[in-house]
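Following the hints, position chains B, C and D against chain A.
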Amino acid sequence: MTIDELRGRVADFLATHDPRSTDRLEFLRARYDAGLAWVAFPEGHGGLGVPQALQAEVDRLFVEAGAPDNNPSANGIGLGMAAPTILAFGTDAQKARFLKPLWTGEEIWCQLFSEPGAGSDLAGVATRAVRDGDAWVVNGQKVWTSGAHNAKYAILVARTDPDQPKHSGLTYFLCDMTDPGIEVRPLRQITGEAEFNEVFLTDVRIPDSHRLGEEGQGWKVANATLNNERVSIGKTALRESGMIGVVARTWRAQPERRTPELHDRLLRLWVDAEAARITGQRLRQKLAQGQPGPEGSAMKLAFATIAQQLSGLELELLGEDGLRYSDWTMVRPESVDFTGRDAGYRYLRAKGNSIEGGTSEILRNIIAERVLGLPAEPRLDKDVPWKELQK
Amino acid sequence: MTIDELRGRVADFLATHDPRSTDRLEFLRARYDAGLAWVAFPEGHGGLGVPQALQAEVDRLFVEAGAPDNNPSANGIGLGMAAPTILAFGTDAQKARFLKPLWTGEEIWCQLFSEPGAGSDLAGVATRAVRDGDAWVVNGQKVWTSGAHNAKYAILVARTDPDQPKHSGLTYFLCDMTDPGIEVRPLRQITGEAEFNEVFLTDVRIPDSHRLGEEGQGWKVANATLNNERVSIGKTALRESGMIGVVARTWRAQPERRTPELHDRLLRLWVDAEAARITGQRLRQKLAQGQPGPEGSAMKLAFATIAQQLSGLELELLGEDGLRYSDWTMVRPESVDFTGRDAGYRYLRAKGNSIEGGTSEILRNIIAERVLGLPAEPRLDKDVPWKELQK
Amino acid sequence: MSDLNLLPTDVEDDLRATVRDLLVDHCELSAVAAVYDGDRSLVERLWKALSVDLGLAGLLVPEEHGGAGASTREAAVVLDELGRHVAPVPFLTSAVVATTALLDSDHALLGRLATGDCTVAMTVPLSIELDAPGRELASVTADDGGRLTGRVTSVAGALEADVLLVPTVDADRLALYAVPVEQAGVEPVVSLDMTRQLADITLDGIAAELVLADAEAAVRRALEVGAALLASEQAGVAGRCLETTVAYLKERRQFGRVVGGFQALKHRLADLYAGVESARSVAVSAAAALAADEDGSVATAVAQAYCSDLAVHAAEEAVQLHGGIGMTWEHPAHLYLKRAKADQIAFGTAGAHRARLAGLVDLPPVRA
Amino acid sequence: MSDLNLLPTDVEDDLRATVRDLLVDHCELSAVAAVYDGDRSLVERLWKALSVDLGLAGLLVPEEHGGAGASTREAAVVLDELGRHVAPVPFLTSAVVATTALLDSDHALLGRLATGDCTVAMTVPLSIELDAPGRELASVTADDGGRLTGRVTSVAGALEADVLLVPTVDADRLALYAVPVEQAGVEPVVSLDMTRQLADITLDGIAAELVLADAEAAVRRALEVGAALLASEQAGVAGRCLETTVAYLKERRQFGRVVGGFQALKHRLADLYAGVESARSVAVSAAAALAADEDGSVATAVAQAYCSDLAVHAAEEAVQLHGGIGMTWEHPAHLYLKRAKADQIAFGTAGAHRARLAGLVDLPPVRA
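Protein chains in written order, with my numbering: chain A, 27 to 417; chain B, 27 to 417; chain C, 4 to 371; chain D, 4 to 371.
Just chain A, same shape as in the assembly (with noise of 0.2 Å):
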């Protein structure tokens, strides 16, 4: 399909579906059914089959012509980790149930994969899900878990069978959120507010249609999900847009602060951030062309140490302001802003951006093993039932 026959296509549902009179959630599973959605997903499954690069342009139309949106930044998850992976592993009945309800919003999705002893060492997961008749009984803790008490499900990975190594002995679940052996709580944070959540599995039931990929074939599924997680390197970014803008900011609107070595250090930051929008660029146009590497960790390591160190200078700069916080109060923030709130919060919150996703211990290792091809670490885990492994 060229791109002009994708225009016409627009255009048409356009004609057909005004979203000006149109009901918001009627547009929008009209707009999965053309096929509109995702374009580069399946006929049938919300997209075409076209090129993933054809995308900005139908959303910039939809956008152009007033549509409503599918509000994509409450559930990224969904929209970025569980619909590629359950088109990836699903079945079809999985895939009919799932993705619609998925893309238009409708059902909010969260991850339940790191617990406890498990967080950079995914594959270690404790919680068990035993086969009870077309079923599994699940039991466990999960944390990390960002929107769990908004969610309608959860992808999910378990261990099916403790005799295999660890690797081995994992499953993959779509679990229902509202299911009674659910309790989802609070994580408190340093910022004060409870962002993630820690899940408390009891006893949940999650029937076998509801199992995404094999039996034993977790790990696998699972490091499908976090791929897209990985990789995922952001849109086109403006200069001195994220961090850099607002510390540039408080420079230019705090002269009388302003000390020799703060400007040499925040200069030497404004280079780092400009080198790591134009290597995002120029990941970005190598993307285009080819398959997401491993060269995206680069760029997520960057962006920590940049955004920690700017944040950081930040306080410093401020002086007397940065001993004041706004608030300690126990919130759970609908949207989460790096660059939100005041100075305070954004040092404290950056302190994240080094271990959410990746810690950057693990992106060293990807890069150095994946990459640059140097030897994986010694392992002694890998060929031990997990059972006998100790915890």
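I should point out that these hints are in silico values taken from the structure, not numbers from a laboratory.
Please read these numbers as outputs of a predicted model, since none were measured by experiment.
Please note that the accuracy of each hint is not assured.
Anything over 12 Å on all C-beta distances counts as not near chain B; from chain A, calculated [stated by the list, open to error]: (1) E31; (2) G70; (3) P127; (4) D160; (5) S194; (6) Q243; (7) L264; (8) A274; (9) T285; (10) L313; (11) E321; (12) Q335; (13) D363; (14) I392.
Below, in silico cross-link-like pairs of lysine-lysine (DSS-like), each with a Cα-Cα straight-line distance of 27 Å or less [what the hints assert, rightly or not]: (15) A:K408 / D:K253; (16) B:K178 / B:K246; (17) B:K417 / D:K253; (18) C:K253 / A:K417.
Note that the Cβ used here is the ideal one computed from N, Cα and C, for glycine as well.
Chains B, C and D alone, transformed into the frame defined by chain A:
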């Protein structure tokens, strides 16, 4: 012995050996025989078995009297490494034969430890020593030998049993550097100079009486030697001694080259150098109360980092002058001054500070494992016969 | 410069053990965290135990005023331990800064400070730089009748104080007045570091007692001593961060191995160890230099320039190397991070101390 | 700002392959090292192969003057490869800086440059900063008869040049004269980087030809293009240092393991990889920005500020991670270290470029 008694001994000695009229060598030999050479050594071997802390006072009295010294800088390896090892592991005959001419400087020593394939991993030495009657026949190649062309003797580690695991098959020897099988070739460094040598050993014969310690005990003996190297944390340093002094003087002399960023970098390094100086002082006060530990590794680490950063900064500060070098001609310097020659030389020479005498990487391992008690690196080479290891 | 003794004396070792025992028993980190949610019950209880029961309030007060007549060396030991426990007590502000400011005054307050009967705070912003001009040191004015008017923001120790020691400016002389805290407007500030919570002070024509008419030297000396000893607190914060991180990484397993065995982390911890040892050394050196009255300004500048950033680095490494758990409220790492970051700004940033050092050691900046 | 294409075109890929093939064959690192001992036989041979045989001398010369009419993008590709091989040729000085300075002049020299018939060096110190005042750009004076008198130190490319392009200052106008090199005093300098050996130039009342009467813009443009493209050389140096270090550490065994498997080194190499990728990106971006005439000054400042230090860091890491062998003369690591360090100073240090950037992007320094 009290310090006053010791002072009396010195006075008595000086009364009978007038430094102005006594031949230099005769004076030094007599001082050795009087136990006033290295006073902590036992009687009969140049000392009186008194605490090391008293050495400084004895040296001061001799300097005050205008006595000749044993030119210690010309025999650093002998005095700092060979002598304590011979004292600890030598037979009476070895101590009697070697310590006196070593201390007087009549016999200069060098060190034949490192090899091209055994740098940080000293236990990997491949130089072979094969027993032949009452002697050993040695073949192999050593490297990073300073002073080999001036040395009469060397401390040498060689492999005597390749069927043993790598640490168990080594033996330690005292090697005559005038043996016809020894070839010394200058090893040119990035400065242009050849401060070190490569030493090729071809059928070098060493009498078994020059073996130090038991056969197969070479690793233990060598470690005693290396600990003497690594805990050496120098004498009380004055503020702005070493590289920081040089660069601070350059700063004061070149007002027109100053920039705000260089200023702050210089101040950071001034603080680091001062912190290292004070830390060294504190460590020396601690050592005066007890045994040297691995903590000195942190001092060497800091010294290297600071010298490298300072010398790099100096070239930037000099700008155009930093683009010029004194002389690339290959020479064999008699002594080395890290802060000598020109700024370009200082920059290049300082690169060696984090390699020689234990790389900074090895020092970090030592701190992590021996000071902080973190687990050692996984090793696969400890229990396998040396000859079966992949080289 | 002679070689100052940088090792603890027996007296200092005993003092450390005593303070540590008390803190281990009475300064649980969960209670410290509670101050962020407004429960400051620990503060008064702990400060009473330290100041009165142990008598630390009078550590620096001369014996003739009933104090212990100790030196900055002993106070540094206390601050090191307080830092290790992020203890939310006004030792630095009252027993060090305010006490030092009063030393030349012979004022009765010294006796009350010594017994722990009275806690004092000098009203300067915590972020004040040592070479701040007089008008920044003193933003309050006194009229002829000794009535004070003005506002000082971000004052540490004021919430715990009974008496405020107020620097005032008048023509170009700096004076020091004492005001009972009840008479001042004291407005608590939501602070980055709630374990040293700040307050904004408003003085609205309040009658005050003149303590020192020509106080600039005393005030500057108090700030310098405060800055020098803050370095020991920072060294304590850093040391504790290193210890708890090493301990955690010896337990935590991932990928079938103890995480502390991964070499990249080992090397970072080795570097951090080296930094912490240096921090301790320069902190002790500053305290010793002030005690011996030898080159104290350089030692203070070095200690602050080094320890301010090192403590932040140590706390940041602690958060990072604890992984996700270090980002949670329930783990105490954040208490150290916030203290370290606020301490970095207290009495001026490391950059400010370096700039001051430049003048002290003849490393002049770019010629104008 | 539109999104510049940061990926190589097919033409650029072909150019890179051609240059690389030639360098692999004709620029052995042992021959490069020989220039330090005075054997410069490689220089002329290699430059002839590149400039005449491959026609690179005329890469930036417009087609109407017989050149290739290529842009800074293609020149950046060449410099990246030259950096990878620390090639001791005057491409940057003649084919980039001198050529760019002449672009507006329509002078016959352009034609001679295009054929490789003539190599030109502009007489400024290699360390010249882009915003240096006119009197530093031009220390030579011209009399009314066009006779030049003065001295310029530390000039790169002069030893290889046939013609010197001399900026002169006269009242407050900057002019550009051409002088055959034989008529100038050219004194070789023992240089930190002998692969770009400097010379001191003395002009002693030499008759010269006026090339551009009002040359300040041309000279500044030439320096900016030189600085921007130097970033590609630096990225090449850094990239090669990373590659050879990774390759060495995959082979080298110590403690029974491949050294490149030790995690502390893996993490350093990962960080270095990220740095090298960024260096490449900003270097390409600067070349592309100049080619498109879009915001070239900011892109140049960013590229120099980033690549100058990164290349030094990469070369220093290469020396360190090669262990002892990297400290030896026989290993080529030192050639890269010396080039990287000299490049850091060339056209101003990273700090100078940051200071320049501050003015370009509205991040003003401390108010006077």
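Verification of the hints:
The beta carbon of A:E31 sits about 56 Å from the closest Cβ of chain B, which is more than 12 Å, so the claim that it is off the interface holds. Every CB of chain B is more than 12 Å from the CB of A:G70 (nearest about 51 Å), matching its label as outside the interface. With a least beta-carbon separation of about 49 Å from chain B, A:P127 lies farther than 12 Å from that chain, consistent with its non-interface assignment. Every beta carbon of chain B lies more than 12 Å from that of A:D160, the smallest distance being close to 45 Å; the non-interface claim holds.
Every C-beta of chain B lies more than 12 Å from that of A:S194, the closest at about 23 Å, which supports listing it as non-interface. Its beta-carbon lying about 30 Å from the closest one in chain B, A:Q243 satisfies the requirement of being farther than 12 Å from that chain. The beta carbon of A:L264 sits about 27 Å from the closest Cβ of chain B, which is more than 12 Å, so the claim that it is off the interface holds. No beta-carbon of chain B comes within 12 Å of the beta-carbon of A:A274; the shortest separation is about 18 Å.
The beta carbon of A:T285 is not kept farther than 12 Å from every beta carbon of chain B, the shortest such distance being approximately 9 Å. The beta carbon of A:L313 sits about 35 Å from the closest Cβ of chain B, which is more than 12 Å, so the claim that it is off the interface holds. Distance check for A:E321 against chain B: the nearest CB is about 27 Å away, which clears 12 Å, and the non-interface claim stands. Distance to chain B confirms A:Q335 as a non-interface residue, since its nearest Cβ pair spans about 15 Å, more than 12 Å.
For A:D363, the non-interface assignment is confirmed: its Cβ lies about 32 Å from the closest Cβ of chain B, beyond the 12 Å cut-off. Separation of A:I392 from chain B is adequate, the least Cβ-Cβ distance of about 20 Å exceeding the 12 Å criterion. The straight-line distance between the Cα atoms of A:K408 and D:K253 is roughly 23 Å, inside the 27 Å bound, and the hint therefore holds. Restraint check for B:K178 and B:K246: satisfied, since their Cα atoms lie roughly 24 Å apart, inside the 27 Å limit.
In summary, the hint linking B:K417 to D:K253 is supported, as the alpha carbons are separated by about 13 Å, within the 27 Å threshold. As the CA atoms of C:K253 and A:K417 are separated by approximately 13 Å, the hinted pair is consistent with the 27 Å bound.
This entry does not satisfy hint 9, going by the numbered hints stated previously; all others are met.
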